[in-house]
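Asker: Chain R is already provided as a structure; the job is to place chain A on it using the hints.
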Amino acid sequence: MIAIGMLGLLLGLLLAYLLLDIPIPAEWASYLSLAALAGLDTAFGGWRAALEGRFHPDVFVSGFIVNALLASLLAYLGDRMGVDLFLAAVVTLGGRMFLNLSIIRRYYLNQLSLRKSRG
Amino acid sequence: MPGDNKRLQMLIFFIIWTVVGVLLGIALKAQFRLHTAELPSTRLPELARAYVQEKRAVQMMETEIRQLRQKTTELENALATGTKQAKVLNDSLQTAKMLAGLVEVEGPGIELVLRDSTRRPTPGSTESLLIDLYIIHDYDLLRVVNELRQAGAEAIAINGQRLVANSAIRCVGPVIYVNDIKMASPFVIHAIGDPNTLLGALKTPGGVLSDIMEADPKMVEMRALERVRIPAYTGSTQFRFARPVPSEEVAP
Chain R
1 MIAIGMLGLL LGLLLAYLLL DIPIPAEWAS YLSLAALAGL DTAFGGWRAA LEGRFHPDVF
61 VSGFIVNALL ASLLAYLGDR MGVDLFLAAV VTLGGRMFLN LSIIRRYYLN QLSLRKSRG
Chain A
1 MPGDNKRLQM LIFFIIWTVV GVLLGIALKA QFRLHTAELP STRLPELARA YVQEKRAVQM
61 METEIRQLRQ KTTELENALA TGTKQAKVLN DSLQTAKMLA GLVEVEGPGI ELVLRDSTRR
121 PTPGSTESLL IDLYIIHDYD LLRVVNELRQ AGAEAIAING QRLVANSAIR CVGPVIYVND
181 IKMASPFVIH AIGDPNTLLG ALKTPGGVLS DIMEADPKMV EMRALERVRI PAYTGSTQFR
241 FARPVPSEEV AP
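These protein sequences, in sequence, are chains R and A.
Residue numbering for the first sequence follows this note's numbering, starting at 1 and increasing by one per position.
Residue numbering for the second sequence follows this note's numbering, starting at 1 and increasing by one per position.
Only chain R is shown next, with the shape it has when bound in the complex (with noise of 0.2 Å):
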């Protein structure tokens, strides 16, 4: 699971890197950092929920593509509204990566203390 999620990541970079030069504009940028924010934590959460057992293709994407948006949709209504909406963004999923990666960690410990004790 590891080595997949990284691999696709590295890909992705590179890709984006590399191969697509896509100028974006001054003003998007922050929306685009948000949604990448919120890939990123769909994708832990993604790698949580496979770790459990309780992983669904479905929920997944859908989750993933929900989230970027709202993430994108309070940073834009923030800056219209003059509020710094986003940080509400920022925290929930920031807050949420923390939790995701710490559920992950705990797993993989766990897992490692039984092949020990097995032997």
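If you're looking for bench data, these hints aren't it; they were derived computationally from the structure.
We put the CB at the ideal spot given by N, CA and C, even for glycine.
Please note that a few of the clues may not be correct.
As the list claims (entries may be wrong) - Which chain A residues stay away from chain R? Per the calculated CB distances, all over 12 Å, these:
| id | residue |
| --- | --- |
| 1 | 14 |
| 2 | 48 |
| 3 | 200 |
| 4 | 215 |
| 5 | 218 |
| 6 | 244 |
Unchecked claim - SDA-like, lysine to any residue: derived pairs with alpha carbons at most 25 Å apart:
| id | chain 1 | residue 1 | chain 2 | residue 2 |
| --- | --- | --- | --- | --- |
| 7 | A | 6 | R | 80 |
| 8 | A | 6 | R | 11 |
| 9 | A | 29 | R | 11 |
| 10 | A | 29 | R | 52 |
| 11 | A | 29 | R | 97 |
| 12 | A | 29 | R | 103 |
| 13 | A | 6 | R | 103 |
| 14 | A | 6 | R | 52 |
| 15 | A | 29 | R | 105 |
| 16 | A | 29 | R | 72 |
| 17 | A | 29 | R | 90 |
| 18 | A | 29 | R | 84 |
Answerer: Structure of chain A alone, referenced to chain R:
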């Protein structure tokens, strides 16, 4: 088929991570490009704040330039109180500075206000084809300035920007740059000179303002003033290319 399902899961997992990677990559690249452009942030409110701050700083520096130039004049005058030669030298220096527009001046003159017409021709009418007539253009200002100079104006300012020998008036999109300063309608033009001559030149039938007056008389407003005050030029006075020719080489 649990095996197939597992493989599908892995595939979707892989694809999503790839998409996240692409998004992250593009976002990082965009941010990097912005940072190399030396912007303080990409958020609109902060950019607006930074813009206002910069603008205020420029204004303060312009005030400082104005004060420093005035101080220079005072110092020159003080120096000249000594000998007769120094006084003669200083007198010619002050005349040159007045010509160059580096001194704040006042005297009798006129005020001319040009503004875009509030009248909008009905769409589809022949008038709407001539929409240009209802807007003040850079060439209107240029012709007015030329006319004022020809009528003997000794100092001219547009919206507080002193016109000097190398001033430019240029249209950039919806605004006009005077001395590289952005401005829009209304344009308040002050000129020092004989008020009657100046007003007469502007009012000449078939003259520079006749087209505008015909389109909408409300676009033009002018009056004579007993005392007009025109600020000094605050732009650069440095020469990067031109050098004076040594006196022995000047053709007789």
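Asker: Take the hints in turn and mark each one as holding or not.
Answerer: Okay, the hints, checked on the actual structure:
no.: 1; hint: 14; result: violated, 5 Å
no.: 2; hint: 48; result: violated, 10 Å
no.: 3; hint: 200; result: holds, 52 Å
no.: 4; hint: 215; result: holds, 38 Å
no.: 5; hint: 218; result: holds, 37 Å
no.: 6; hint: 244; result: holds, 46 Å
no.: 7; hint: A/6 x R/80; result: violated, 44 Å
no.: 8; hint: A/6 x R/11; result: holds, 22 Å
no.: 9; hint: A/29 x R/11; result: holds, 16 Å
no.: 10; hint: A/29 x R/52; result: violated, 35 Å
no.: 11; hint: A/29 x R/97; result: holds, 23 Å
no.: 12; hint: A/29 x R/103; result: violated, 31 Å
no.: 13; hint: A/6 x R/103; result: holds, 21 Å
no.: 14; hint: A/6 x R/52; result: holds, 14 Å
no.: 15; hint: A/29 x R/105; result: violated, 30 Å
no.: 16; hint: A/29 x R/72; result: holds, 18 Å
no.: 17; hint: A/29 x R/90; result: holds, 20 Å
no.: 18; hint: A/29 x R/84; result: holds, 23 Å
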